[in-house]
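Participant: What follows is the residue order along each chain.
2 protein chains.
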Amino acid sequence: MAKMIRKNYLMAPGPTPVPIDILLEGAKDTIHHRTPQYLKIQEKAIEGCKYLFQTENPVFILSSSGTGAMEAAVSNLVSKDDKIIVVNSGKFGERWLKLCKTFGGNVIEIKKDWGTAVTPEEIKETLDKNPDVKAVFTTLNETSTGGKHPIKEIAAVVKETSAVLVVDAISGLLALPLKMDEWGVDVVVTGVQKGFMMPPGIALISMSPKAMELVNKCTTPRFYFDLKAYAKNFPDSPYTPPVNLVYQLSKAVEMLKEEGIENIWERHRIMADATRAGVEALGLKFFAKDAGDVLTSVWVPEGIDGGKLVKYLRDEMGITVAGGQDHVKGKIMRIAHLGYMSQFDIIIVMSGLEMALNKFGYKTELGAGVKAVEEVLMREGV
Amino acid sequence: MAKMIRKNYLMAPGPTPVPIDILLEGAKDTIHHRTPQYLKIQEKAIEGCKYLFQTENPVFILSSSGTGAMEAAVSNLVSKDDKIIVVNSGKFGERWLKLCKTFGGNVIEIKKDWGTAVTPEEIKETLDKNPDVKAVFTTLNETSTGGKHPIKEIAAVVKETSAVLVVDAISGLLALPLKMDEWGVDVVVTGVQKGFMMPPGIALISMSPKAMELVNKCTTPRFYFDLKAYAKNFPDSPYTPPVNLVYQLSKAVEMLKEEGIENIWERHRIMADATRAGVEALGLKFFAKDAGDVLTSVWVPEGIDGGKLVKYLRDEMGITVAGGQDHVKGKIMRIAHLGYMSQFDIIIVMSGLEMALNKFGYKTELGAGVKAVEEVLMREGV
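Protein chains in written order, with my numbering: chain W, 1 to 382; chain Y, 1 to 382.
Don't take every hint at face value.
[Said to hold, decoys possible] Straight-line alpha carbon distances no greater than 20 Å define the calculated DMTMM-like cross-link-like pairs of lysine to aspartate or glutamate that follow:
hint	chain 1	residue 1	chain 2	residue 2
1	W	K83	W	E182
2	W	K28	Y	D326
3	Y	K80	W	E160
4	W	K232	Y	E258
5	Y	K91	W	E160
[Unchecked claim] Here are some chain Y residues the structure puts well away from chain W; computed CB gaps all over 10 Å:
hint	residue
6	R34
7	P120
8	K152
9	A368
Derived by calculation from the structure, the hints in this document are not laboratory data.
Note that this is a predicted model, so its numbers are computed, not measured.
We put the beta carbon where it would ideally sit given N, CA and C, even for glycine.
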């Protein structure tokens, strides 16, 4: 029996696959960041980001992971004892909660079951009861579950108040529609290792004028992430930017702009629909009640150790999907269809899953999942 | 007259030139960071960093610029109203000052003229008068001036007290000797776009057990840079690490380890000596009284606009040196000999300088600076 070449298929919700053209862009000669030559590249990257955020607001480039941008949002908006609302329906809602508490916020938590969406009515009711709320923190796509929140409808509620709406769009941006200006979202944060098809190392944050007013008044001590410094130096950076990653960002936004935002959203929807048809055909049950198009979370069949299944897929087949976190560790599996992926990546993960499940004793017809995926692809005219 | 190809010579104190082997390492396939495959690469990078820091303490990898690591040091060590000493002899001493004040420190500033070193006696005297000082913040090489501080001697003073010694070695590490454990330095921070020969985007921080005790007691609100989380997850990362930059770090430390720390220090000394002989032969005056081997700062000759000279070198000749900052803007020039450089890079900058100075009306014998550089190189047996 011949040993196969093990190719690398990244089907976890970040880092996602990076096109070779973007990888090589990062291998270009490093130039000094305080030069007009560099600034031109950064400006192009920012212009593209504004398009992808669907905003005329500035988009600030941070040298950090996505969590850094989340901290930037909190430490620039939340002063000690400020009343704020945090929607918590998973690991990353919980991160908002921890950040807001760390920086002294008086937090009203709206806790939802993992994978369940908050309703605009719940937000409205909480805001009505607490007219002094300064900010509402929520999530476009909850990476730990694949659940989404109805940001457009939430924005319609929040923009009628003095509060600002802050959205963690780290894994959600580009995979799910978000129109920052049209919807009236005040703050959007993301990381580039997801829909932007880049290696990790840059986080992005955009602020509406309403949010910037709060930033200017905020008394929380901060320095590296102080957005006043970023606004003052914009489109330049206050500290050394990650030059070669910015080359890559500039290339990535060029590719994404050429594709067009509507098409980006639509291809993610098709990949999500196809994946779901496939896992359903295999008889698996969905985990998230209100799933978005970033990833599909499914219960691992009874009697199978999810950790071992994920490890088998990764180490034997080269397919990296994510397992569950916290109370669903070993119980769910998260298959991402995010970023630089095509229909055949969905075929690959479905085929791998069919073979792996059978190997682990879960008897399912080989090819059944792939067939269902193909049916969706054919129907969608892909 | 033919137009020349404009090659890119980075002679500013960061970013510094990146070897093509390191650039290409970053173009390798991105893998998921929560895998044993990735962790092996990060562990190798950390082992190399420990050697280059000359320490057995953990070295934490931060996804940030160097300023992020400086903030990590301050926000993890300085609680509100803690008495601390900050040595300020340039832009980056000033950054320690701003950071320490931002996070509520009760700062005793030792202010020195730009380019002038603090003495161990001054530190001792201030510590004797203030036995309740928690930390002393200083700088190995002050990037804005090229001045150095006597860290070994300062460490000998500080380690006799309960205070911890924190050294900004962002531009200094590898170009100037620093033996963290042997000298008793408690905290060292650096960035990789200097002596490490990498594109920017990673900062490094190492903490002695004495410093970690303070970290564990520190009450300053912090999250992204909370070193308790980094220590808990070590050698793994609490948040998504900049995967492809860590590939490059792993490659860079391999190359540097192979060269050997003593040789790295020695080649920086020779490049500094050669540069200084050259600029002296051109009749230029040095700016920093206590210069280290990272960069050579010189006064721009009377009557020449330093900003224009720096721009000419960059835009016409492709040689990026740095100008002056703040009160010496347009008045000094900073020529770095830092990182991935050889003797011929010194020859290039000297030759470019000779031609540019003559172009700007400062009459000096063509070849005189290069001759002096060559004499040092020959004498050193390079």
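Participant: Evaluate each hint against the coordinates.
Facilitator: Here's how the hints hold up against the structure:
no., hint, in the structure
1, W/K83 x W/E182, "26 Å, violated"
2, W/K28 x Y/D326, "32 Å, violated"
3, Y/K80 x W/E160, "38 Å, violated"
4, W/K232 x Y/E258, "43 Å, violated"
5, Y/K91 x W/E160, "45 Å, violated"
6, R34, "8 Å, violated"
7, P120, "29 Å, holds"
8, K152, "28 Å, holds"
9, A368, "28 Å, holds"
Of the numbered hints given earlier, the model fails hints 1, 2, 3, 4, 5 and 6; all others are met.
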